[in-house]
Each structure stands twice: as structure tokens, then as C-alpha cells.
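Construct the complete structure from the given sequences, taking the supplied hints into account.
Protein sequences, first through last, are from chains G and H. Each residue of the first sequence is one higher than the one before, counting from 34 in the numbering used here. Each residue of the second sequence is one higher than the one before, counting from 34 in the numbering used here.
Hint data in this document are derived by calculation from the structure and do not stem from the laboratory. In this text the structure is predicted, and so the values were computed from the model without any measurement. A couple of the hints might just be wrong.
Note that identical chains are pooled: a pair holds if it fits in a single copy or bridges any two copies.
[What the hints assert, rightly or not] Distance condition first, Cα-Cα at most 27 Å in a straight line; then the derived BS3-like pairs of lysine-lysine:
no. : residue 1 : residue 2
1   : LYS281    : LYS306
2   : LYS249    : LYS291
3   : LYS307    : LYS148
4   : LYS111    : LYS148
5   : LYS291    : LYS305
6   : LYS307    : LYS267
7   : LYS289    : LYS154
8   : LYS71     : LYS48
9   : LYS307    : LYS79
10  : LYS281    : LYS154
11  : LYS306    : LYS245
12  : LYS231    : LYS154
13  : LYS335    : LYS245
14  : LYS306    : LYS291
15  : LYS148    : LYS218
16  : LYS267    : LYS249
17  : LYS148    : LYS359
18  : LYS281    : LYS249
19  : LYS148    : LYS367
20  : LYS71     : LYS281
21  : LYS305    : LYS289
22  : LYS48     : LYS307
23  : LYS245    : LYS281
24  : LYS267    : LYS281
There are 2 protein chains.
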Amino acid sequence: MNIIIDAMGGDNAPKEILQGAADAVKEYGVEITAVGRKEEIEACAKENGIDLSGFTIVNAQETIEMCDEPTAAIRGKKDSSMVVGLRMLAEGRGDAFVSAGSTGALLAGATLIVKRMKGVKRPAIGTVVPGGNQPYLLMDAGANVECRPEMLDAFAVMGSVYMEKVMGRRAPKVGLVNNGAEETKGTPAYVQAHQMMKKNDAINFVGNVEPKDIPKGDIDVVVCDGFTGNVILKLTEGLANTLIGEIKNVFLANLKTKLAFLMVKPGMRAFKKKMDADEHGGALMMGVTKPVIKAHGSSRAKAFKNAIRQAKLCVESGTVESMREKLAAVAETKQAGE
Amino acid sequence: MNIIIDAMGGDNAPKEILQGAADAVKEYGVEITAVGRKEEIEACAKENGIDLSGFTIVNAQETIEMCDEPTAAIRGKKDSSMVVGLRMLAEGRGDAFVSAGSTGALLAGATLIVKRMKGVKRPAIGTVVPGGNQPYLLMDAGANVECRPEMLDAFAVMGSVYMEKVMGRRAPKVGLVNNGAEETKGTPAYVQAHQMMKKNDAINFVGNVEPKDIPKGDIDVVVCDGFTGNVILKLTEGLANTLIGEIKNVFLANLKTKLAFLMVKPGMRAFKKKMDADEHGGALMMGVTKPVIKAHGSSRAKAFKNAIRQAKLCVESGTVESMREKLAAVAETKQAGE
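Right, here's the structure in full:
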């Protein structure tokens, strides 16, 4: 299996990206096609003692920056690591593409170069978020600030396939984020989406999920528009940081509390690992015809390695093909019912 | 000062409601007009040794239930504790009204009986939420699932008055919840609201606030639509519970960790108190002509007492009158500018 990576994308590129990919070669036995400035990649690997065996390096001179306007960057920077990598994926010269670069540009690039599945207007971002009992899939986590009901319904279908194929959940539970359990809650789009999802036999819809219940992780696929999804994802991150910071302060208070910390250190470490989003890899661009994965912009080697693992799982399990088939089947059922 | 309370509203009525109000009489020197089934109130006070000095009891035979359709309940249950209490407030037979009953019914009742301020289409819910550095005001916390830009702008004005008058913040910072710092982020309504707030001299607008930064509490007034506000409020609650539960498990692991807990107990208690929403009282129905406060449905005595304290602060500081004046001044400036 050949995973194409954007060696120049992200806050810690190329060093942490290359290190993560090198670790992935060893742990998962994948081959890596690293796209970026060849000289810089080789110099960085040499300087940091990163072993590039299993790597093919493809030169691309440009880099898409976080501040670039997404569509203009994809159209204008033809020789950027992201555009070159996505084109290789589209041409079948690799099985998946992983980047820690600009989310907007990756979305635009996946749409323009790799293309969308039939019936998908714009790809959505599916992100695995740590939860109390187990991690859950949040989608859309930020791609589409406004969503029509049929988009939310399609998210449910794609998200269910992902949780089944990649995360091994059987008949994953789907919930629609809403400000109450009743069917009539929410904006008109949410009320309509609820009715569509209720009638959709391709998913295991359990109804609305109230925000207070989301962090438990009992709902496998948490469906919402991208504005709300961004709030859920980023508020979870921010609040976890705030609370962990507060608890740290409790332990730093005096000698006695510092001693107490030593006694709970293993447990706290396990807890932090459980709540660490980096453990779950990146976000899949859902609705694109091939696996395109966005690693967190601040990814270090571990997070990037896990994003590659996720790409491998997607490829092995035929996740993207299954999504395409399921969406087509749902569209057919709807047409037949009309 | 006379605070009218709904003695029958909430999960723990009337006992905890009466206890909280009795504590408020002692601590804050307010008078209480308790509305509800007179016999039941007196029997409950007697049974639980609650001292009703400072109380006037006004009989109302009906109770609005959580499952009642809000507007129908307000129109139909004329002799309910909520309707009778709101009517007394409208007629000037009390300075503020506090209820732990149905939010929807209280919103409908405040609108129909106490009436809205000029220029306010529907009241919004302003809730003080615990934050890392300091608590912040979230509004709309759930009343209006869809909001036009001018509504968001009005929330900012009313929220600023509240934070200044009741919480003593000088030139409170106002942020618009959004999925990015740039002015162009969000739905069309948010893009427009950003421009309106930027031009609004009555507020100290600091731009968009990203969800990850909300829990720090550095932004005094966090403005959003009610759907998003409900997500922020309830996710914060749910996530705090999940994380605190996880940390509890760390401490319960074995004898050593249990001992460690004893060593950090005072600090953990202070932390829990800081993160406890009950400390901050209830939610003000913003845009209503007199102070109407919603205490949490699950309020126990402490939370209800704090909601009464909040009502007292609103009355003393002339918060509602200031909101009315500020909104009128903003409307005038807008008209002059057109």
C-alpha cells in the first residue's frame, strides 16, 4: 500500500511529518510517497536522523499557506505539495493522501482534483472525538457552515460506514444534534433532517442527541452542520484544556498535593491518553471518491503516524467504495418511494 | 424589595424552592411572595422545618408541567403559579419573578404577560457559565434557535449591560461565536452580525470568538443564536461531568490513589465550586420589561437562593431599565445613520 503525504503541510513540517511517516513505515508496513521540496526533505531527514527507507520523494516547489484563499491556492499553486499529491491520488499513483495543511485548501483540492461521489454537493469533515465511554464520530466537523436536510442525512450514511469499517462498530448508533429530544426541536432544517433520517433504513438512527450527552460517547455517529460541529469539536478541546489546567493547579498547590500527584500519575497519564485527539488520527474528507485525510495542523510525529494508520484502515476496508454504494442505494430507495 | 417566586416550578419543588427562598430572606434581607398551592406550601414548610418569616403566600391551584405546550399552558392555566406570579410582576406587586419551571413556558409567559421591550422580537436567555479565568455570559443560551443579525446585535447590547450592572465588569468584552477569527467566517447571518456589531458604539466588540477560547472566560459576553448557545451550555455541562467522572475513577483505582485524593480534597472542592453553575444563579430573560429569572430545573436550595440574589442585583442596579435605554439609543443612532 502506498500512502501519499504532504511533506510541507502543518505547523511542524517537514520534520514531524517525516518522522511520523517513517514510524508508520516501520509499524504498519506501508510505503510512503512524500511530496514537497526534495532538497529540504532530504536535508531535514539527514539533520534529524530520520530513516527514509520505504519513501519515494516527489518534488514540488510550492507550499500552500494557512492564509491562502483555498480555491485560489488550489487553482494557482499547481506545483504545491498539496496539489501534486492530490493529483497523484486522482491518477491512481497512490492509495490515499494525508496532509496536515490548510483544511479549506484540502477540501477545495479534494473536490476539484479527486472529485466528489455522486449526490454529494460538497465533502464533509468526519472527525473522531474522544468520549467518556468510547470515542465517537462527529460530522460535519466544520466544512459546511450551512447544511440542507439531505446533506445531514448523507452525513449519517457516510459516518455509519466509517464507524463500521474503520472503527469496527456494529450497527453504529446515529444521533442528530439538537436542543431537545422531541422530533419538533431545532431549526426547520433539523426538523426535516430528523424525518429523513427516521425513514432511512441504511442507518441505525436513535433520534436527537442532546449536547450534554455527546461527550459520553454512547452515540457512534453525531450528525450536525459544520458550524455546530466546529463548536462541538473546538469547545471540547478548549474545555478539556481548561479543566486539565485547573486540575494541574490543584496538584501544584503545595508539597502535599505534589506528592499526591505522584501517587495518581499513572492513572492521570492513562486519562490524558484517552482524551488525546491525536490518538485517533485525522479527519476523513467524506464524500470524496478516494481517501483524503486531514491531520491536525499542529500534528507532531505521533498524530501524523496515526493519521497514516487511519488512511491504511480506510484503504484496506474499502470504506470509500462502501460509502459510494450505500449513498447510491439510499438515492435509489428514495426515488422508488417518490 | 419583594421577590415573587414560583413555589411549584422545578424538579425539587416546593421543598428546595422554599428552603432557598427562606435562606435568601436571611442572607439578603428580601421579602418573598411565594405563589402556589397554599396548603401544600405550608405543609411542606412545617414538615421540613422551613421558616417562612418574610414570606407572603399567594394561592394558585394549577401547575405548569414540563411536558405542557408553552403558549397553550400560559393561555390555558390562568390559575397556575407561573401565570399568577408573572401577572403580579406585570402589575407591580413585586420587583422580580424567579421560577425553576419550564423554560419554554416562562419565555412565553414573560412575553405575553410582562411584555417585551421596544425593538425586541422575542426575549433571549442570558446565562452565566463558569470559565477558567472567570465566568462569562452566554446569550442566547437557547430561546431562539434561529436569529437574524439584528437580534445578535441586540443580544450584545443587553448582555453588556448585564455584565456591567450585575457582574461589575467594566467595558465588558463582547465576542461573536464563529468558526474562525476572520470577518468573513460563518453563515450569512453571522457575517452580517459581525459588521453590525463592529459599527455598534454601545458595545466593546472584540470580534469573533472561536469555540476553543470560550471556556477560558476572557470574553465577558459570548453572543450566538439559541441553537448554538444550547450546544455550548449543555456540552460544557456534559463534558465537565464526563471529565470529572474520569478523574474520580483515577482516584478510586486503589488505596494509594484514594489516599492521594484526601491530600488534594480541599483543592478539588474549590475547583468543583468554581465550575459549579449553581453558584451563578439562574438565567435572565433578556428583552422583557421587568426582571424574570429562570433557575435551573434541577435547582436545589443553594441554586434557587443564588437565583434570588441575582434577581435582587438586577433590581438594585436598574439593569432592565438600562437595557431598555441602551437599545433605544442604539436604534436612534441607526436611524440617524440611515
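Here is how each hint holds up against the structure:
no.: 1; hint: LYS281 <-> LYS306; in the structure: both (16 Å within a copy, 16 Å between copies)
no.: 2; hint: LYS249 <-> LYS291; in the structure: between (30 Å within a copy, 24 Å between copies)
no.: 3; hint: LYS307 <-> LYS148; in the structure: neither (35 Å within a copy, 50 Å between copies)
no.: 4; hint: LYS111 <-> LYS148; in the structure: within (17 Å within a copy, 60 Å between copies)
no.: 5; hint: LYS291 <-> LYS305; in the structure: both (18 Å within a copy, 19 Å between copies)
no.: 6; hint: LYS307 <-> LYS267; in the structure: both (17 Å within a copy, 22 Å between copies)
no.: 7; hint: LYS289 <-> LYS154; in the structure: neither (58 Å within a copy, 56 Å between copies)
no.: 8; hint: LYS71 <-> LYS48; in the structure: within (13 Å within a copy, 74 Å between copies)
no.: 9; hint: LYS307 <-> LYS79; in the structure: neither (34 Å within a copy, 50 Å between copies)
no.: 10; hint: LYS281 <-> LYS154; in the structure: neither (45 Å within a copy, 45 Å between copies)
no.: 11; hint: LYS306 <-> LYS245; in the structure: both (22 Å within a copy, 19 Å between copies)
no.: 12; hint: LYS231 <-> LYS154; in the structure: within (22 Å within a copy, 33 Å between copies)
no.: 13; hint: LYS335 <-> LYS245; in the structure: between (30 Å within a copy, 22 Å between copies)
no.: 14; hint: LYS306 <-> LYS291; in the structure: both (21 Å within a copy, 21 Å between copies)
no.: 15; hint: LYS148 <-> LYS218; in the structure: between (35 Å within a copy, 25 Å between copies)
no.: 16; hint: LYS267 <-> LYS249; in the structure: both (16 Å within a copy, 13 Å between copies)
no.: 17; hint: LYS148 <-> LYS359; in the structure: within (18 Å within a copy, 52 Å between copies)
no.: 18; hint: LYS281 <-> LYS249; in the structure: both (23 Å within a copy, 15 Å between copies)
no.: 19; hint: LYS148 <-> LYS367; in the structure: within (24 Å within a copy, 47 Å between copies)
no.: 20; hint: LYS71 <-> LYS281; in the structure: neither (43 Å within a copy, 50 Å between copies)
no.: 21; hint: LYS305 <-> LYS289; in the structure: both (22 Å within a copy, 20 Å between copies)
no.: 22; hint: LYS48 <-> LYS307; in the structure: within (26 Å within a copy, 41 Å between copies)
no.: 23; hint: LYS245 <-> LYS281; in the structure: both (24 Å within a copy, 19 Å between copies)
no.: 24; hint: LYS267 <-> LYS281; in the structure: both (21 Å within a copy, 24 Å between copies)
Hints 3, 7, 9, 10 and 20 from the earlier list are contradicted by this structure; the remaining hints agree with it.
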